[in-house]
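Chains as they are written, first to last, in the numbering used here: chain Y, 1 to 315; chain H, 316 to 591.
Fair warning: there could be bad hints in the mix.
With a straight-line Cα cutoff of 25 Å, these simulated DMTMM-like cross-link-like pairs (lysine to aspartate or glutamate) come out [what the hints assert, rightly or not]:
(1) Y/Lys159 with H/Asp526
(2) H/Lys453 with Y/Glu20
(3) H/Lys483 with Y/Asp5
(4) Y/Lys159 with H/Asp376
(5) H/Lys495 with H/Asp545
(6) Y/Lys27 with H/Asp545
(7) Y/Lys101 with H/Asp529
(8) Y/Lys169 with Y/Asp26
(9) H/Lys453 with Y/Glu182
(10) Y/Lys27 with H/Asp376
(11) H/Lys453 with Y/Glu240
(12) H/Lys453 with Y/Asp25
(13) H/Lys398 with H/Glu326
(14) Y/Lys27 with H/Glu326
(15) Y/Lys159 with Y/Asp194
(16) H/Lys483 with Y/Asp178
(17) Y/Lys101 with H/Asp526
(18) Y/Lys176 with Y/Asp46
(19) Y/Lys45 with H/Asp545
(20) Y/Lys27 with H/Glu371
(21) H/Lys337 with H/Asp323
(22) Y/Lys27 with H/Glu404
(23) H/Lys483 with H/Asp499
(24) Y/Lys101 with H/Asp323
(25) H/Lys483 with Y/Glu182
(26) H/Lys453 with Y/Asp26
(27) Y/Lys101 with H/Glu371
(28) H/Lys453 with Y/Asp9
(29) H/Lys580 with H/Glu404
(30) Y/Lys150 with Y/Asp194
(31) H/Lys483 with Y/Asp34
Derived from the structure by calculation, the hints contain no laboratory data. Please read all numbers here as calculations on a predicted model, not as lab measurements.
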Amino acid sequence: MKKLDTYADMRAVYADTLIEIAKDDDKVVVMDADLMAANGTKGFKDAYPDRMINAGVAEANMVGVAAGLASQGFIPFASTFGCFAARRAYDQFFLSANYAKQNVKLVGSDPGVTAQFNGGTHMPFCDITLMRVIPNLVVLDPCDTVSLHKLTKAIYEYKGPVYMRLHRKGATTIYKDDQEFEIGKGVVIKDGTDVTLIANGLVMVTEAIKAEKALAAEGISAAVIDMHTIKPLDEALVAEYAKKTGAIVTCENGQKIGGLGGAVSEYLSENMPTLMKRVAVDDVFGEVGTQDYLQERFGLTSEKIVEAAKSLVKK
Amino acid sequence: MNQEKKQDLQEKAREVRIETLKSIGHLGVGHVGGAMSIVEVLTYLYYAEMNVNPQEPRMNDRDRLVLSKGHAGPALYSILAMKGFFPKEWLLTLNQGGTNLPSHCDRNRTPGIDMTTGSLGQGLSAAVGIALATRLNKTDNRVFAIIGDGESQEGQNWEAAMSAAQFKLGRLIAFTDYNKMQIDGMTEDIMDLAALENKWESFGWHAQRIDGHDFEALAEAVKRAKEETDRPSMIVLDTIKGKGCSFAENKLGSHNMPVSADDLKEALAALGEGEN
Chain Y
1 MKKLDTYADM RAVYADTLIE IAKDDDKVVV MDADLMAANG TKGFKDAYPD
51 RMINAGVAEA NMVGVAAGLA SQGFIPFAST FGCFAARRAY DQFFLSANYA
101 KQNVKLVGSD PGVTAQFNGG THMPFCDITL MRVIPNLVVL DPCDTVSLHK
151 LTKAIYEYKG PVYMRLHRKG ATTIYKDDQE FEIGKGVVIK DGTDVTLIAN
201 GLVMVTEAIK AEKALAAEGI SAAVIDMHTI KPLDEALVAE YAKKTGAIVT
251 CENGQKIGGL GGAVSEYLSE NMPTLMKRVA VDDVFGEVGT QDYLQERFGL
301 TSEKIVEAAK SLVKK
Chain H
316 MNQEKKQDLQ EKAREVRIET LKSIGHLGVG HVGGAMSIVE VLTYLYYAEM
366 NVNPQEPRMN DRDRLVLSKG HAGPALYSIL AMKGFFPKEW LLTLNQGGTN
416 LPSHCDRNRT PGIDMTTGSL GQGLSAAVGI ALATRLNKTD NRVFAIIGDG
466 ESQEGQNWEA AMSAAQFKLG RLIAFTDYNK MQIDGMTEDI MDLAALENKW
516 ESFGWHAQRI DGHDFEALAE AVKRAKEETD RPSMIVLDTI KGKGCSFAEN
566 KLGSHNMPVS ADDLKEALAA LGEGEN
């Protein structure tokens with residue numbers, strides 16, 4: 001692997017990590033549905049041609065084939081755009097992979113507004129919500145090169161089905177190389193006392209970090225948590241910061257209904273009711289545009305996070 | 316196939332029908348029609364073809380079977396019990412809470428079941444994955460799959476069909492239980508499959524069509540399919556829904572039907588239960 005902070009695209013981190021894992025484990029196979037170039041998995045094909053399976057434009061079959069491979073001890077990493085992973089192949093992932101307890105890693109790329117010019121048909125706002133209701137499934141949305149690299153390795157080690165979002169184009173490096181990541185354990189990026197910003201994914205962790213600085217300039221101390229695992233939720237960390245700051249703002253690149261904010265509020269409302277706001281897509285479909293335009297359009301900006309945080313702190 | 320072998324298989328098939336009807340009859344409702352129509356192919360596979368080991372259900376070099384029409388599980392459970400994968404007493408627990416024999420096949424519950432199935436159209440994809448695993452593992456086992464005719468209306472089968480041909484899966488042999496009936500009526504009236512074998516052929520498979528209740532035809536077709544090394548094989552079985560069950564044979568409505576004590580008694584008597 002190159003140094004993680006030198007990568008221009010997250011997809012290359014994903015592919016190089018798989019190549020690294022596959023070197024020592026011949027049970028690792030990679031699948032794609034005619035999006036090898038888009039998802040970076042073509043790099044894997046070049047390294048291990050026998051272990052790259054292109055399913056063509058047939059996501060349902062891809063996930064079913066992955067389950068068959070997993071039933072024989074293989075560890076398939078199957079990728080496609082998140083909209084197709086979550087919607088087109090949902091029953092196959094639900095039954096052939098999850099209900100059948102098969103070790104399938106399903107990776108959905110172009111999360112939320114990052115689908116940009118592919119527009120509303122290709123804009124996965126609903127994937128996290130759909131995936132959360134599958135019993136025992138691990139659901140992840142890493143935010144930078146280091147966490148993507150380490151969490152890809154973590155889901156390889158983990159025995160069981162996983163859904164992971166993959167930010168495809170562009171990259172950012174927030175963490176130092178030695179940062180540890182564990183499935184189901186959020187990371188406190190910045191400590192704070194007045195309000196807690198719980199974010200995930202590259203787009204919204206970036207916005208949360210910006211919001212924290214803006215809030216600090218106004219004398220408000222915000223904690224920032226990277227909740228890279230939506231399921232299982234790090235309830236202990238949510239509880240700790242709910243208690244410590246008394247106010248929570250969740251920030252996610254997807255639907256408000258049933259996503260990260262949904263998970264946090266489900267936990268808090270039953271266990272320790274806490275003031276909360278959810279910065280997320282509010283029950284509308286996606287559309288075309290630049291990422292900047294779409295973030296404004298759907299309210300996924302640091303300004304909206306600041307506004308939400310201040311409305312809670314004021315109380 | 317010599318006469319002795321044929322008679323032996325016919326006797327086994329009779330036993331499978333008896334055990335399956337007792338199992339479904341004990342609960343009083345179940346998927347009788349589609350279980351009865353695949354008795355011969357299952358009997359042939361497990362008593363004349365497949366390398367399996369009841370003492371070691373997950374034996375590495377075993378042949379695999381994906382019963383994609385998972386609702387026909389009860390017929391397969393009878394064979395697995397007869398072969399000793401689990402006690403025959405389990406058959407009377409079919410569909411009871413906590414059972415190891417649920418209505419649809421579940422590989423995590425039942426010894427000898429290779430894939431969990433039930434949502435129609437998914438099994439053939441899994442079989443393609445298992446056949447790919449066979450190739451990657453460089454083992455010489457075969458992968459069998461059984462799909463239904465109504466099930467063939469699910470588009471995923473045709474995605475799987477294309478992929479199996481593309482990947483040149485010569486070790487994959489699939490069967491279609493073409494009993495011409497589905498829940499709402501005759502397949503030709505609901506969504507016609509017509510000359511099904513031609514569809515598979517045009518998808519790049521080696522395709523045959525035989526009488527699915529004829530052991531000699533089954534033996535010949537499987538032998539022919541095994542000669543294919545670089546393309547998958549489909550054997551379309553002309554079958555009769557409910558075959559061999561007095562109250563269900565060739566009856567629409569036999570897909571999932573109530574079975575009264577009298578129905579069961581009559582059907583078992585017709586099958587000569589208790590006779591040798």
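These are the hints, each one checked on the structure:
1. Annotation: proposed proximity of Y/Lys159 to H/Asp526 is violated, straight-line Cα distance about 44 Å (limit 25 Å).
2. As the CA atoms of H/Lys453 and Y/Glu20 are separated by approximately 23 Å, the hinted pair is consistent with the 25 Å bound.
3. The suggested pairing of H/Lys483 with Y/Asp5 is violated, with an alpha-carbon distance near 42 Å, which exceeds 25 Å.
4. Our distance criterion of 25 Å between C-alpha atoms is met by Y/Lys159 and H/Asp376, whose separation comes to about 23 Å.
5. The suggested pairing of H/Lys495 with H/Asp545 is violated, with an alpha-carbon distance near 30 Å, which exceeds 25 Å.
6. A C-alpha spacing of about 23 Å is found between Y/Lys27 and H/Asp545, which places the hinted pair at or below 25 Å, so the restraint holds.
7. For the proposed pair Y/Lys101 and H/Asp529, the alpha carbon gap of about 37 Å is over 25 Å, so the pair is violated.
8. Between the alpha carbons of Y/Lys169 and Y/Asp26 the distance comes to roughly 28 Å, so the proposed pair goes past 25 Å and is violated.
9. Among the hinted pairs, H/Lys453 with Y/Glu182 is inconsistent with the structure: their alpha-carbon atoms are about 35 Å apart, more than 25 Å.
10. Of the pairs offered as hints, the one joining Y/Lys27 and H/Asp376 holds, with about 17 Å between alpha carbons and a cut-off of 25 Å not exceeded.
11. For a cut-off of 25 Å, the pair hint linking H/Lys453 to Y/Glu240 is broken: about 52 Å separates their Cα positions.
12. Between H/Lys453 and Y/Asp25 the CA atoms are separated by roughly 16 Å; this keeps the pair inside 25 Å, and the hint holds.
13. About 14 Å separates the Cα atoms of H/Lys398 and H/Glu326, which keeps this hinted pair within 25 Å; it holds.
14. Distance check on the hinted pair: Y/Lys27 and H/Glu326 sit about 43 Å apart at the alpha-carbon level, beyond 25 Å; violated.
15. For the suggested pair Y/Lys159 and Y/Asp194, the alpha carbons sit about 39 Å apart, so the restraint of at most 25 Å is broken.
16. At roughly 45 Å between alpha-carbon atoms, H/Lys483 and Y/Asp178 are farther apart than 25 Å, so this suggested pair is violated.
17. A threshold of 25 Å between alpha carbons decides the hint, and for Y/Lys101 with H/Asp526 the separation of about 36 Å lies outside it, so the pair is violated.
18. Between the alpha carbons of Y/Lys176 and Y/Asp46 the distance comes to roughly 29 Å, so the proposed pair goes past 25 Å and is violated.
19. Taken as a hint, the Y/Lys45 and H/Asp545 pair is honoured in the structure, with Cα atoms around 22 Å apart against an allowance of 25 Å.
20. Distance check on the hinted pair: Y/Lys27 and H/Glu371 sit about 22 Å apart at the alpha-carbon level, within 25 Å; holds.
21. Taking the CA atoms of H/Lys337 and H/Asp323, the gap is near 21 Å; set against the 25 Å cutoff, the hint holds.
22. Of the pairs offered as hints, the one joining Y/Lys27 and H/Glu404 is violated, with about 38 Å between alpha carbons and a cut-off of 25 Å exceeded.
23. As the CA atoms of H/Lys483 and H/Asp499 are separated by approximately 36 Å, the hinted pair breaks the 25 Å bound.
24. This hinted pair does not check out: Y/Lys101 and H/Asp323 have alpha carbons roughly 38 Å apart, beyond 25 Å.
25. Among the hinted pairs, H/Lys483 with Y/Glu182 is inconsistent with the structure: their alpha-carbon atoms are about 40 Å apart, more than 25 Å.
26. Between H/Lys453 and Y/Asp26 the CA atoms are separated by roughly 12 Å; this keeps the pair inside 25 Å, and the hint holds.
27. Straight-line distance between C-alpha atoms of Y/Lys101 and H/Glu371 comes to about 20 Å, which keeps the hinted pair within the 25 Å bound.
28. At roughly 36 Å between alpha-carbon atoms, H/Lys453 and Y/Asp9 are farther apart than 25 Å, so this suggested pair is violated.
29. The suggested pairing of H/Lys580 with H/Glu404 holds, with an alpha-carbon distance near 19 Å, which does not exceed 25 Å.
30. Between the alpha carbons of Y/Lys150 and Y/Asp194 the distance comes to roughly 31 Å, so the proposed pair goes past 25 Å and is violated.
31. At roughly 19 Å between alpha-carbon atoms, H/Lys483 and Y/Asp34 fall within 25 Å of each other, so this suggested pair holds.
Checked against the numbered hints given earlier, this structure breaks hints 1, 3, 5, 7, 8, 9, 11, 14, 15, 16, 17, 18, 22, 23, 24, 25, 28, 30; the rest are met.
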